[in-house]
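So the protein lines, in turn, are chains A and B. Numbered per my numbering, the first sequence finishes at 273, counting up by one with no gaps. Numbered per my numbering, the second sequence finishes at 347, counting up by one with no gaps.
Honestly, the hints are just simulated from the structure, not real lab data. One or more of the hints may lead you astray.
Stated by the list, open to error - Straight-line Cα separation of at most 27 Å, BS3-like style, residue types lysine-lysine; simulated pairs:
hint	chain 1	residue 1	chain 2	residue 2
1	B	LYS216	A	LYS91
2	B	LYS135	A	LYS91
3	A	LYS136	B	LYS135
4	A	LYS77	A	LYS261
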Amino acid sequence: MADKKHKLLEVKGLTMDFGGLRAVDSVSLEIHEGEIAALIGPNGAGKTTFFNCVTGIYNPTKGDVLLHPKGLKTRRLNGLKPNKVTEMGLARTFQNIRLFQEMTVLENVMIGRHCRTKSGIFRSIIRDKSVREEERQIVETSYRLLEKVGLEDFANEFSKNLPYGAQRRLEIARAMATDPFLLLLDEPAAGMNPQETDELVHLIRKISSEDKIAILLIEHDMKLVMNISDPIYVMEYGKKIAEGTPQQIKDNPKVIEAYLGDDDDA
Amino acid sequence: MEYFLELFFGGLTRGSIYALIALGYTMVYGIIQLINFAHGEIYMIGAFVALIVAGICTIYGLSGVSILILAGIVAVIYACAYGYTLEKVAYRPLRGAPRLSPLISAIGMSIFLQNYVLLAQTPDFLPFPRLIPDFAFMEPVAHIIGSPELVILITTFVTMILLTLLIKKSRVGKAMRATQQDMDMARLVGVNVDRIISLTFIIGSALAAIGGVLVASYIGQVNFYVGFLAGVKAFTAAVLGGIGSIPGAVIGGLVLGWAESFAAGYISSDYEDVFTFGLLILILILRPAGILGKVTKQKV
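Okay, chain A solo, but in the shape it has when bound (with noise of 0.2 Å):
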């Protein structure tokens, strides 16, 4: 079934050496239209990295990351900074939040929309008629995904000033203002409590079905993972060691040898 569905991501063979160390080898996958996929793997095992080789924050030392996007052509990430990236249609958030922290709850969401304006530095300051409506379309787009998370209240409060979870579903809404069709959560789940994580779920649910933005994400929760997503990649050591359906993950021998160890007895 997934052969019918458009590919959206591809990475092939990508490689991330630091000196002398393999963080990640020759790692292969593909993001189709509608999936709601998981990469898991024990910490150290490369799946942030994967990341930052994917947005743009490192240049993979080998290996190709092509994005398809729908009715337009081929793109090739590598290399490229990250505000282009973004650009281009992919979003991310990170593992430990990264709000601006003295900006407010909406201006955290505005900022991420300025990429898809067209008028440039001069025209915002001069702030003619073109631009002025523009910042209203964006101040009301803005509105929407927050009621969208469920922070239309909070506004304008600084974002500092959230509670924990709340500020995880702001990283959301702001990587979701940059209109992206694909999006990569880092562990969007960590340190959250078993309600916050369910509204998660239902919010990652929602983002994937109603706004048809399809989904990568890497999380250590694995009731949450084997719930949401499909499919799964595992990493271990830098390489990928399985991917499959929930089922098929949690009946491979190597990944229950990745969580738990070598079984001596066996």
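Once you've looked at the hints, dock chain B against the given chain A.
Relative to chain A, chain B alone:
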């Protein structure tokens, strides 16, 4: 009491100029953690350009305030071009290098620009025309605050309000604040960080040029070295207020201006600079982060 007021306004005028220049230091530092030592030279170049334009205007028979405005505009444009180029040539190639490298590059640019003006113009002091006339309505209070002081105060005040509006309200200002808080994250939400850094240098240079023109026409002379002391004083103001903080730069500038003015007026004008730098040392001992600066923990 009148003497006190005279010193008060004298200090306010000085302080507002220091603040104007200090804003350039603090904005650049806030974004790329670099002390732009060549900032004082941009101020000096602004004054020189204004002098040249004023000379030409005088030949064509313009007078007073119209020359000041025209010379100011040309000086600002020129200084912006210098600031933009400076960043592109001396700092951008060193992005990602250890923090000491761009600092040394900045000192190098400062010396280079001084010597360039020295050779291209003259090592002597040049007289700068008094462009600000004495307004008749200022007559009754002229012994406390003169017309030039008034013009300086109004100009700096308006400039600072415009800057605040730009940073607080406009889209570019938002991008600047975002870049200051987390440069990588700003990139990831699509902010073109390189452009924002260029813009920061351009704005800082414009402020320095405005300061340069105002001071030159107030004091009545310029030479290639005026940027150095002005730069060091403004840098002191920025550190005093807490480097990286925009309100801090304004407060630091005013505190420094008053301290100098009162110390010179009540104690001795010979020791003016001693008070300036004594104050700097005192602040660094008692409150290393500056008046409004936040004590930041080094992330490990």
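LYS216 (chain B) and LYS91 (chain A): Cα distance at most 27 Å? 25 Å, holds
So if I understand the rule, the pair passes when the alpha-carbon distance is 27 Å or less; does LYS136 (chain A) with LYS135 (chain B) pass? Cα-Cα ~33 Å, so violated.
For the pair we were handed, LYS77 (chain A) and LYS261 (chain A), check the Cα-Cα distance against 27 Å. Roughly 35 Å separates the two Cα atoms, so the pair is violated.
Does the alpha-carbon distance linking LYS135 (chain B) and LYS91 (chain A) stay inside the 27 Å limit? 20 Å, holds
In summary, the structure is inconsistent with hints 3, 4 from the numbered list given earlier, while agreeing with the others.
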